[in-house]
Every structure is written in structure tokens, then in C-alpha cells.
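J.: Each chain is listed here by its residues.
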Amino acid sequence: GAGVSQSPRYKVAKRGQDVALRCDPISGHVSLFWYQQALGQGPEFLTYFQNEAQLDKSGLPSDRFFAERPEGSVSTLKIQRTQQEDSAVYLCASSIRQDTGELFFGEGSRLTVL
Amino acid sequence: DQQVKQNSPSLSVQEGRISILNCDYTNSMFDYFLWYKKYPAEGPTFLISISSIKDKNEDGRFTVFLNKSAKHLSLHIVPSQPGDSAVYFCAASGGGSNYKLTFGKGTLLTVNP
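Quick note, the sequences are listed as chains A and B, same order.
Just so we're aligned, residue 1 is where the first sequence starts under my numbering, counting upward by one.
Just so we're aligned, residue 115 is where the second sequence starts under my numbering, counting upward by one.
Note that these hints are calculated values from the structure, not bench results.
Hints should not be assumed to be uniformly reliable.
Stated by the list, open to error - No farther apart than 20 Å at their CA atoms in a straight line, the calculated lysine to any residue pairs in the SDA-like style are these:
(1) Lys119/B to Gly40/A
(2) Lys219/B to Glu107/A
(3) Lys119/B to Leu39/A
(4) Lys214/B to Gln41/A
(5) Lys214/B to Ser58/A
(6) Lys214/B to Glu44/A
(7) Lys214/B to Gly72/A
(8) Lys219/B to Pro61/A
(9) Lys219/B to Gln41/A
(10) Lys219/B to Leu39/A
(11) Lys11/A to Glu156/B
(12) Lys14/A to Lys78/A
(13) Lys219/B to Glu85/A
(14) Lys57/A to Tyr213/B
Claimed, not checked - Selected chain A positions facing chain B (Cβ under 7 Å, derived; list incomplete):
(15) Leu91
(16) Phe105
(17) Gly108
All C-beta atoms in this analysis are idealised placements derived from N, C-alpha and C, irrespective of residue type, glycine included.
Starting from the given sequences, assemble the full structure and let the hints guide the process.
T.: See the structure below:
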């Protein structure tokens, strides 16, 4: 497809489980972002990659959150020992540029932690 | 501390009339502003943007106005159509981290036929 693809679309995890969320950005897009959107809130920045380099991870809530983009295309957001407050929609976005903020978002992965 | 505020959680207008969505920001370092539109179960899609060197940007039925002194921007949709019904997010970037967007909480627009 031509857009940003995320999987799984829905994930239910028991508290304490590890989860991995995948993002396939638009081909050729240099920049990749992860955002977290809690219910009733706007998306909040988690981390930013330029190609395979993670240039900013200041938004990751704790060291249980880890993101990688080893070959500069597909990215994975991993959450270890999930907690109820991790329940949210995790949005991936890509851009051909690193500025202007005109991002192309995926449909998101909705994580529910029980 | 919300740096981008959308104080109206919802707005309802009649088809054909004007929709005005408002957004305020507190960070004077923001220099680029965007509006995103989001349908249920979809990701946000880019709608229109404006740089701080301008005070107006128009794209078809959509116009964004920026008042830097008031730290306020608004999105005008004329004429409104039922397909415009969605959540609209205001976002801003700047201050050296011009790749990082700060979003408001969104405004749900409902356009009634």
C-alpha cells in the first residue's frame, strides 16, 4: 500500500506482558515518528528517527519503552512489563523531510492493558 | 501544562455555513502551525499549515488565520459539508525541535445536513 501501515491494529495485553508494535512507513520517507494518544487527548510525541538513527527519544515515558529502526525503514516500538497506564493508541508517522511537521500517520495500534 | 489549547471540545454547524475552530498556544518559540483532521479508527491526516511569517493561508474551502500577538490561530471551513465531520487537531512546532509536533486535545466538528 501507499500509506503508513501499522500492526497489530488492536492488542490486548495482561499487565506485565511485553508487547511489540510494528510500523511500515511510506517508502523513501527519511523521518519516522511515534506518538502516543490517550483517550480524549491529542497525540503526544514519543520518539523520532532519521533513517536508522534515533535522534530524539525524549518523549518515551520510561525505560520500559524502547524503539528501533535498524535498517532505516520498518520500526518497532516495544513496551516491556506493560502497565494499565500504557493503554493508548500508538501512532506511527513518516515524512520525507525532517521539518515542517507535515506527517503522514498510520491508523494506529490500540493497546489495552488489563 | 498544555502548550496548545483547543478550548472547545465540540462544535456543531449546519451544512453550508461557516465552521470556525479555534486554537491558542503559550510557547512563543512555536513558528509553524498545522491542522490535522481525524476520522474514527483512522490516523490523523494533514489539512493545512501556516508559518509564523504569514497571517493567513488558504486552500480551497479551508483557511487558517494566525494572530501571533494573541498567540491564537483559527481554522475556517466555508462552506461546511457533512463529510467535514471529524475531530480537528491543532498542532505546533518550532524552537529548535521543528520536527516535534505539540498537539491540542482536538475539537469534534459535526456538520448537520
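J.: So which of those numbered hints doesn't the model satisfy?
T.: none
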